[in-house]
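A.B. asks: For chain A, the structure is supplied; the task is to place chain B on it using the hints.
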Amino acid sequence: DGGITQSPKYLFRKEGQNVTLSCEQNLNHDAMYWYRQDPGQGLRLIYYSQIVNDFQKGDIAEGYSVSREKKESFPLTVTSAQKNPTAFYLCASSTDGNSYEQYFGPGTRLTVT
Amino acid sequence: QQQVKQSPQSLIVQKGGIPIINCAYENTAFDYFPWYQQFPGKGPALLIAIRPDVSEKKEGRFTISFNKSAKQFSLHIMDSQPGDSATYFCAAIIPGFQKLVFGTGTRLLVSP
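For the record, the sequence lines run as chains A and B.
Here the first sequence is numbered in our numbering, starting from 1 and rising by one per residue.
Here the second sequence is numbered in our numbering, starting from 114 and rising by one per residue.
Any given hint could turn out to be false.
Lysine-lysine pairs mimicking DSS-like chemistry, simulated, CA-CA at most 30 Å apart [claimed, not checked]:
hint, chain 1, residue 1, chain 2, residue 2
1, B, Lys171, B, Lys155
2, B, Lys118, A, Lys57
3, A, Lys57, B, Lys184
Just so you know, the hints here were simulated from the structure itself, not pulled from any lab data.
Since we're looking at a predicted model, the values are computed, not measured.
Here chain A stands alone, though its shape is the one from the complex:
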């Protein structure tokens, strides 16, 4: 059963703590993406990776970091430098960097208090 998994579905953290969100795909896709979704603002790109060991900043990368050590995995760390971390985080993948079709995971809702 192929797809994108994100865990956990809900995550709670105290302000000042770093937190890592998991994203795994078994679609054999080369490209992976992280988006942030806030009410009334659509989806905004945080980071993307077109190939293993390479990634680029998106439109709102400040306060976030990623790694791409394996093709299947693209974890996102929300650092304490991110001023408004509470949001719904979505991971996506596409066959390669030239594909226009992105497939999304179920998301992780992060709440920081």
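C.D. replies: Showing chain B alone in chain A's frame:
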């Protein structure tokens, strides 16, 4: 300008009605325009997409109309059903960058 403007923000129609969601863009370099459907607590799912060399595309009850000269495109849902109640996002992409630019979303409610 890498923005896609979407309207309305929310929409309520009766079952069987035809909701229409509109999007507009400025950057003529965009060359692929997908629509995503998102149910509460879930990730968006690709619904239908169009390229600017086509004026209309239909897939089942969903139709995209594209007006290249006006730089506008819209989603029509024929014979809408309560199960279509979801948030719909339009998006656009520039070739070579592979970054989707999303509209702000339209929350659709189809009443029984």
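A.B. asks: Take a quick look at whether Lys171 (chain B) and Lys155 (chain B) sit within 30 Å of each other, Cα to Cα.
C.D. replies: Since the Cα atoms of Lys171 (chain B) and Lys155 (chain B) sit roughly 25 Å apart, the hinted pair holds (cutoff 30 Å).
A.B. asks: Does Lys57 (chain A) sit within 30 Å of Lys118 (chain B), going by the straight-line distance between their CA atoms?
C.D. replies: Holds, at roughly 23 Å.
A.B. asks: For a C-alpha distance cap of 30 Å, please report whether Lys57 (chain A) and Lys184 (chain B) respect it.
C.D. replies: holds (28 Å)
Of the numbered hints listed earlier, not one is contradicted by the structure.
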